[in-house]
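There are 2 protein chains.
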Amino acid sequence: MNKVIETLLEHRSIRKFNEKQLTKEQIEIIVKSAQSASTSSFVQAYSMIGIKDPQKKKMLAKLAGDQPYVEKNGHFFLFCADLYRHECIGERANLDFSETLESTEKFMVAVIDATLAAQNAAVAAESMGLGICYIGGIRNNLNEVSQLLNLPNKVVPLFGLAVGEPDHMPEKKPRLPIKQVYFEEEYIINKEVTYSHLDEYDEMISEYYQSRTKSSRSETWSNQIEKKMSNPVRLYVKDYLKKQGFPLK
Amino acid sequence: MNKVIETLLEHRSIRKFNEKQLTKEQIEIIVKSAQSASTSSFVQAYSMIGIKDPQKKKMLAKLAGDQPYVEKNGHFFLFCADLYRHECIGERANLDFSETLESTEKFMVAVIDATLAAQNAAVAAESMGLGICYIGGIRNNLNEVSQLLNLPNKVVPLFGLAVGEPDHMPEKKPRLPIKQVYFEEEYIINKEVTYSHLDEYDEMISEYYQSRTKSSRSETWSNQIEKKMSNPVRLYVKDYLKKQGFPLK
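Listed in order, the protein sequences are those of chains A and B.
At position 140 of the first sequence the residue is numbered 1102 (my numbering), and the sequence of numbers has no breaks.
At position 202 of the second sequence the residue is numbered 1164 (my numbering), and the sequence of numbers has no breaks.
Simulated from the structure, these hints should not be mistaken for lab results.
These figures come from a predicted structure and were not determined experimentally.
Check the hints yourself; a few may be wrong.
The list cannot tell twin chains apart, which means a pair is met if one copy fits it or any two copies do.
List time: in silico BS3-like cross-link candidates among lysine-lysine, alpha-carbon distance up to 27 Å [unchecked claim]:
#  : residue 1 : residue 2
1  : K1153     : K1135
2  : K982      : K965
3  : K965      : K1153
4  : K1141     : K982
5  : K965      : K986
6  : K1134     : K965
7  : K1135     : K994
8  : K1200     : K1211
9  : K978      : K994
10 : K1189     : K1134
11 : K1018     : K1153
12 : K978      : K1018
13 : K1034     : K982
14 : K1034     : K994
15 : K1204     : K1190
16 : K1211     : K1020
17 : K978      : K1205
18 : K1141     : K1018
19 : K1018     : K986
20 : K1200     : K1190
21 : K1134     : K1204
22 : K1205     : K986
23 : K994      : K965
24 : K1190     : K994
25 : K1019     : K1141
26 : K1014     : K994
27 : K1034     : K1024
Produce the entire structure from the sequences given, and follow the hints as far as they go.
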């Protein structure tokens, strides 16, 4: 067990930060770490936007579903899938890239590139003693977020990353047992096995919720998924993407 | 600069491994590190498949575009977006999740979850002195890969991760200058600025290619992007996703 793996295994999402702002140097290390991640065929199809302006953070927090830690943190990053500069290269060279840029494949490449970079940013921040929380809530209002941050065509915000000095230390929630997410040689399709796996994990999660010191409750993972998945959200995303230049052809 | 950030900044993709196989313990540490990454609303919407079988690796290498390092490495992971177990939870509870599971939003969640996990796996492997290479090439033939690995509906392979002891040490290619990928407060839309940024980076890349010890060539980043984007690939992905239960509604 080395320092790096210790950092990875110690991850928990931090939802309460003190307001000490990140230094310019810290931000630079985080951005450089993000950029060091792999990128599909070297396309580097992503951008980051750092937001410090208190008014803007307040608005983002509102747009993301009134999460106070979007406003109160040491720095807020927005990670975007970005094929804008590739489109510019095409324009300058008088080449038609539209079939490539409008494909589902290329959108996936940009999402994957941005996410690899983001996780490096998260790990770098945590290695410096900072806490992080991914903010998927910004996808509640992508039109408004895009307008607020002046995003051009072919740039799509995927999630935020709130970073700062932790002001609490939540417990770590147990993940799915390894055998349920890691298969060897092939996937196992067997409903009986899946159901018994779910039972096993449901019991673990229920025990965790009952034993934890704060806000003890009794709920299984299946219960959570049932609630979440019965309630479709963000169904406008397809239309937003089309408007933003990603018809997912 | 701590150990973790050093590991992140030292990343380079390894495309030649010796054939020493990963131990069971190494695989377990990598999988656990992957699982420690953040997951959107705790949905854990991904799976990993580890492939050791030489015949299967040979076939995957062929499907991924004849890359020898897909066959010859210390271990091969396939990372999949996975909403199969969520679908099973719905079936068991007699609830209709289809609107959620078929949405573009939920597919993005699964892609992001899988990718966050993968990057933790990559970092964990590199921290143990191993090398890694992401294999997007498996998206050349998703139907065949899915059949080979017995993937059910709602499971989509995103990329492979070849891991092993490096048998070469390539140079690090310079990434885009920070100011071109990291904005403050808002995106800068100005073609003149973008073009002059591209010129600056093109010069960096061209110098890098000319100065590097192996396979020196003269090419800019814009040249590379022009070639790549003029040649649309994997346009079948949209149809594949639909067939696999992701109509991206």
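Against the structure, the hints:
Taking the shortest Cα distances, K1153 and K1135 sit within 27 Å of each other inside one copy (25 Å), while across copies they are farther apart (47 Å). With identical chains, the CA atoms of K982 and K965 are at most 27 Å apart both within one copy (25 Å) and between copies (24 Å). For the identical chains of this complex, K965 and K1153 are neighbours neither inside a copy (39 Å) nor across copies (44 Å), given an alpha-carbon limit of 27 Å. Proximity of K1141 to K982 under the C-alpha cut-off of 27 Å is restricted to the inter-copy arrangement: shortest distance 24 Å between copies versus 41 Å within a copy.
In the homo-oligomer, the alpha carbons of K965 and K986 lie at most 27 Å apart both inside one protomer (25 Å) and across protomers (20 Å), since each shortest distance falls under that limit. Taking the shortest Cα distances, K1134 and K965 sit within 27 Å of each other both inside one copy (18 Å) and across copies (23 Å). Taking CA atoms no more than 27 Å apart as the test, K1135 paired with K994 passes between copies only; the shortest distance there is 13 Å, against 30 Å inside one copy. In the homo-oligomer, the alpha carbons of K1200 and K1211 lie at most 27 Å apart both inside one protomer (12 Å) and across protomers (6 Å), since each shortest distance falls under that limit.
In the homo-oligomer, the alpha carbons of K978 and K994 lie at most 27 Å apart both inside one protomer (25 Å) and across protomers (26 Å), since each shortest distance falls under that limit. Taking CA atoms no more than 27 Å apart as the test, K1189 paired with K1134 passes inside one copy only; the shortest distance there is 22 Å, against 46 Å between copies. When the C-alpha separation of K1018 and K1153 is checked against a cutoff of 27 Å, the pair qualifies only between copies, where the shortest distance is 25 Å, while the shortest distance within a copy is 48 Å. For the identical chains of this complex, K978 and K1018 are intra-copy neighbours only, at 19 Å inside a copy versus 47 Å across copies, given an alpha-carbon limit of 27 Å.
In this assembly of identical chains, the alpha carbons of K1034 and K982 lie at most 27 Å apart only when taken from the same copy (9 Å versus 48 Å across copies). Within a single copy, K1034 and K994 get their C-alpha atoms as close as 24 Å, which meets the 27 Å cut-off; across copies the closest is 31 Å, which misses it. In this assembly of identical chains, the alpha carbons of K1204 and K1190 lie at most 27 Å apart whether taken from the same copy (26 Å) or from different copies (22 Å). Taking the shortest Cα distances, K1211 and K1020 never come within 27 Å of each other, neither inside one copy (36 Å) nor across copies (31 Å).
Taking the shortest Cα distances, K978 and K1205 never come within 27 Å of each other, neither inside one copy (35 Å) nor across copies (42 Å). Taking identical chains as interchangeable, the C-alpha atoms of K1141 and K1018 lie at most 27 Å apart only when they sit on different chains, with a minimum of 21 Å there against 44 Å within one chain. For a Cα distance limit of 27 Å, the shortest separation of K1018 from K986 inside one copy, 19 Å, qualifies, whereas the shortest one across copies, 48 Å, does not. For the homomeric pair K1200 and K1190, the shortest alpha-carbon distances inside one copy (19 Å) and between copies (26 Å) are both at most 27 Å.
Proximity of K1134 and K1204 under a CA criterion of 27 Å is satisfied in neither setting, with 38 Å inside one chain copy and 36 Å between copies. Taking the shortest alpha-carbon separations for K1205 and K986, neither the intra-copy value of 35 Å nor the inter-copy value of 47 Å comes in at or below 27 Å. When the C-alpha separation of K994 and K965 is checked against a cutoff of 27 Å, the pair qualifies both within a copy, at 20 Å, and between copies, at 15 Å. In this homomeric assembly, K1190 and K994 come within 27 Å of each other (Cα to Cα) only across copies, at 25 Å, whereas the closest approach inside a single copy is 36 Å.
For the homomeric pair K1019 and K1141, the shortest alpha-carbon distance between copies (21 Å) is at most 27 Å, but the shortest distance inside one copy (41 Å) is not. Taking CA atoms no more than 27 Å apart as the test, K1014 paired with K994 passes inside one copy only; the shortest distance there is 19 Å, against 34 Å between copies. Taking identical chains as interchangeable, the C-alpha atoms of K1034 and K1024 lie at most 27 Å apart only when both belong to the same chain, with a minimum of 12 Å there against 50 Å between chains.
The structure is inconsistent with the numbered hints 3, 16, 17, 21 and 22, although it conforms to all the rest.
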